[in-house]
Amino acid sequence: MSVATEYHPRRMPGTLALFSGAAALTAALSTLYFALGGPVPLTNPGLGDLPYFLLIALHYLWGATMILVRPRLDRKRIRWFVVAADALAAYTLLLFLFAWIFALNANMDYVQRFVEAGGDLRLALDTRTERAIAALRFGPFLLVNALFSLLIRVRRSALVRATAPPAMIESSDPTAAYLRPFASWGLLLTLVSVLLSTLSFPSFVHLDGIGPLGFISLVPLLLAIRGSSYRRGLFLGVAYGTFTTLLVNFWLGTFSLVSLQISVLIFFCFYLLFMLPTLWFYRRIRVARFLVFPLAWTFFELARSSGFLGYPWALVGHSQYRVLPLIQLSTITGVWGVSFLVLLVNSALAELAVHLLVRRREPVREPVAGMPRTAVRPTQAPVATARVPLATAAALLLLVFAGGSLALGIGRTDSGGGDAAARTDARTVRIALIQQNSDPRKHDYDQTFEALRRLTDQSLVHNPDIVAWSETAFVPNIRRWGEENPRFNPFARLVHEFRAYQASIETWLLTGNDDYARVFDENNREIERHHFNAAVLFSDTGERTQTYHKIRLVPFTEHFPYEHIFPRIHQLLQDFDVYFWEPGEERVVFEHPLFRFSTPICFEDVFPNEVRQFVTAGAEVILNISNDYWSLTEVQAQQHFAAGMFRAVENRRPLVRSTASGLTAHVDEYGRVLATLPQYQEAYLIADVVIPGRLRTTIYTRFGDWFPVACLLALIGLTLFSAVPGRKARPRINSRREQSPQPADSGAAAPGPGLPVDPS
Numbered sequence: 164m165s166v167a168t169e170y171h172p173r174r175m176p177g178t179l180a181l182f183s184g185a186a187a188l189t190a191a192l193s194t195l196y197f198a199l200g201g202p203v204p205l206t207n208p209g210l211g212d213l214p215y216f217l218l219i220a221l222h223y224l225w226g227a228t229m230i231l232v233r234p235r236l237d238r239k240r241i242r243w244f245v246v247a248a249d250a251l252a253a254y255t256l257l258l259f260l261f262a263w264i265f266a267l268n269a270n271m272d273y274v275q276r277f278v279e280a281g282g283d284l285r286l287a288l289d290t291r292t293e294r295a296i297a298a299l300r301f302g303p304f305l306l307v308n309a310l311f312s313l314l315i316r317v318r319r320s321a322l323v324r325a326t327a328p329p330a331m332i333e334s335s336d337p338t339a340a341y342l343r344p345f346a347s348w349g350l351l352l353t354l355v356s357v358l359l360s361t362l363s364f365p366s367f368v369h370l371d372g373i374g375p376l377g378f379i380s381l382v383p384l385l386l387a388i389r390g391s392s393y394r395r396g397l398f399l400g401v402a403y404g405t406f407t408t409l410l411v412n413f414w415l416g417t418f419s420l421v422s423l424q425i426s427v428l429i430f431f432c433f434y435l436l437f438m439l440p441t442l443w444f445y446r447r448i449r450v451a452r453f454l455v456f457p458l459a460w461t462f463f464e465l466a467r468s469s470g471f472l473g474y475p476w477a478l479v480g481h482s483q484y485r486v487l488p489l490i491q492l493s494t495i496t497g498v499w500g501v502s503f504l505v506l507l508v509n510s511a512l513a514e515l516a517v518h519l520l521v522r523r524r525e526p527v528r529e530p531v532a533g534m535p536r537t538a539v540r541p542t543q544a545p546v547a548t549a550r551v552p553l554a555t556a557a558a559l560l561l562l563v564f565a566g567g568s569l570a571l572g573i574g575r576t577d578s579g580g581g582d583a584a585a586r587t588d589a590r591t592v593r594i595a596l597i598q599q600n601s602d603p604r605k606h607d608y609d610q611t612f613e614a615l616r617r618l619t620d621q622s623l624v625h626n627p628d629i630v631a632w633s634e635t636a637f638v639p640n641i642r643r644w645g646e647e648n649p650r651f652n653p654f655a656r657l658v659h660e661f662r663a664y665q666a667s668i669e670t671w672l673l674t675g676n677d678d679y680a681r682v683f684d685e686n687n688r689e690i691e692r693h694h695f696n697a698a699v700l701f702s703d704t705g706e707r708t709q710t711y712h713k714i715r716l717v718p719f720t721e722h723f724p725y726e727h728i729f730p731r732i733h734q735l736l737q738d739f740d741v742y743f744w745e746p747g748e749e750r751v752v753f754e755h756p757l758f759r760f761s762t763p764i765c766f767e768d769v770f771p772n773e774v775r776q777f778v779t780a781g782a783e784v785i786l787n788i789s790n791d792y793w794s795l796t797e798v799q800a801q802q803h804f805a806a807g808m809f810r811a812v813e814n815r816r817p818l819v820r821s822t823a824s825g826l827t828a829h830v831d832e833y834g835r836v837l838a839t840l841p842q843y844q845e846a847y848l849i850a851d852v853v854i855p856g857r858l859r860t861t862i863y864t865r866f867g868d869w870f871p872v873a874c875l876l877a878l879i880g881l882t883l884f885s886a887v888p889g890r891k892a893r894p895r896i897n898s899r900r901e902q903s904p905q906p907a908d909s910g911a912a913a914p915g916p917g918l919p920v921d922p923s
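Numbering of the sequence shown is given in the working numbering, commencing with residue 164 and proceeding in unit increments.
In short, the hints are calculated from the structure, not lab data. Beta carbons: idealized from backbone N, C-alpha and C, even for Gly. If a hint is listed, it holds; no wrong ones were tucked in.
For each label pair, taking beta carbons as the anchor points, the in silico distance ranges come out as:
hint: 1; residue 1: T708; residue 2: D371; range: 35 to 41 Å
hint: 2; residue 1: L757; residue 2: H694; range: 29 to 35 Å
hint: 3; residue 1: E689; residue 2: P440; range: 45 to 51 Å
hint: 4; residue 1: R759; residue 2: P730; range: 38 to 44 Å
The whole structure should be built from the sequences, with the hints applied where relevant.
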């Protein structure tokens, strides 16, 4: 449908364009001064400074363009300037946040040692100074971008009001025209969604996370996308993913010197690949369109958790980790079902907002004489179409809460659930979890061992069946240095002291360690050694019984398998002090006289299918060992805990966590947190773990990640159903609009009554 009208372009006042251009040029000059000749100039600028100099160049170009084209800034051109302003503002904000977060490294001992050793890195002496430098270099740009984005939108709105509407753009969504103002402020709405999503997880604002925000966090983004073109929606979706990744994972800046940059770049690509097909589906599906984003996003979470680059951190469902009735759904669907439910509520609320807006703005029209009686009261149609999404989301939410509450009522903390036979045969294993509060990159190995020994001695008063130390708690390679003479090497001395101590306590002990395997040629000569991040189990007699090699290594910072394909990237990573391990191959189930357990190491416990395979191999208890000390923030450890505790519920297995600095905890098979230790303190936790006599296999344990695959199939099914000839859905509001009869001598057709103005 189109209505042909003519309008006279209104030019943007020259003063506004001149002011905007001058401000951009001034900001570029001032930041260039701070970068090259100011009080803290860049020394020996290199390739790493290219993004910053590109930012300066873009603002120079922006300022010059605004001054040169100001006489021709009519309504049609101003739309593209809005798009350019948003892109430039997003790029500026992204670089500023990188600089602000990366300043945390200035306070880290191992980073300072790297710099002193000649590492290619420039940092101030402390975080406060580094952040002041970041504010000087990016502050002028941020101010100019914010001011101009506001002014240009105000002027654009004035142009829209002052001119007749152009031809209406045909759209598969008749409500799209009403949402164009949301699209105009799309970047701001997207950043609101970024903030709400970040706060729904454990964050620097609230350590436990504000879970209820997860149910509304995506509503602003969905509204902005709903009123946008395909390309505009693509930009907003990718911007959301990029900024959310940066803010949720800010602590990655202290893991290694390249972790955060690589993660954000990868997730930029992930969200680009996700939004491309999702927006295509959204514009073609006519039936139950409100399901498109929940279905697609749920499958996307599985996709971004798979393969070498897999990283299932801060999934949508993780925001609800403290809502026990809700997360019981994980026993059937895995965490993916919880994510879907949260996404569904967001989508339903977005539909409600759309139709309330249409109801408010659409006037009531009476039938026009001489025309078919097709007009309805639009105040009624939007409410009717909003009922289905709301009813669907509410019904599923109530059903899940009821089922989860029932499961929690059946399960008991001190028993094997409601099964009488399981209660009769239940076993209790006492595990001492040691939290030594140290980082191998910061603290001396002897000091760490002394702390481990002191805390272990204190825990032995409680007669534990096994003592668990954290990931890499004891760093020197036990296998290697145990073969050396302790008189000639400090590592060999420390290993011999450890072996003697472990045998003396007469208790089983599990510790994280660096392990290796030697490769020999046909002449039995050693040609290579493969190093592993390992968990080693010692018996109560001091015998080394079993070793597990970590399978899921952190990409780029623990493992890079493409050395021969991308040798320059491999060398670049090593230049930034990255240490590589090899991935293990066997899912080891440790055998203790009282129970069988497996030890996913560090972030392995956030991978649902990885832990599931340990359980199917026979693990009765999940014993995670981690070292999160390096992050220097409780936020990272809390996020890790929130993601890992889902493994207990999914598989109905108790979970215990032994960490270097937190969060050391004991969680039962229903997700109830039974005990934790304060973070960043030396302490130990005695966990009496109840193991049912008859372990149950959940639907998730048996069938794995079936739910996201089902979501993809449902999405494809909706698309095919919408493509069936003759299957055109009834529009949400009238697509056939009555127009008042025009005089015979009238010129251009006037817009029909109630026709929305297209501000684009």
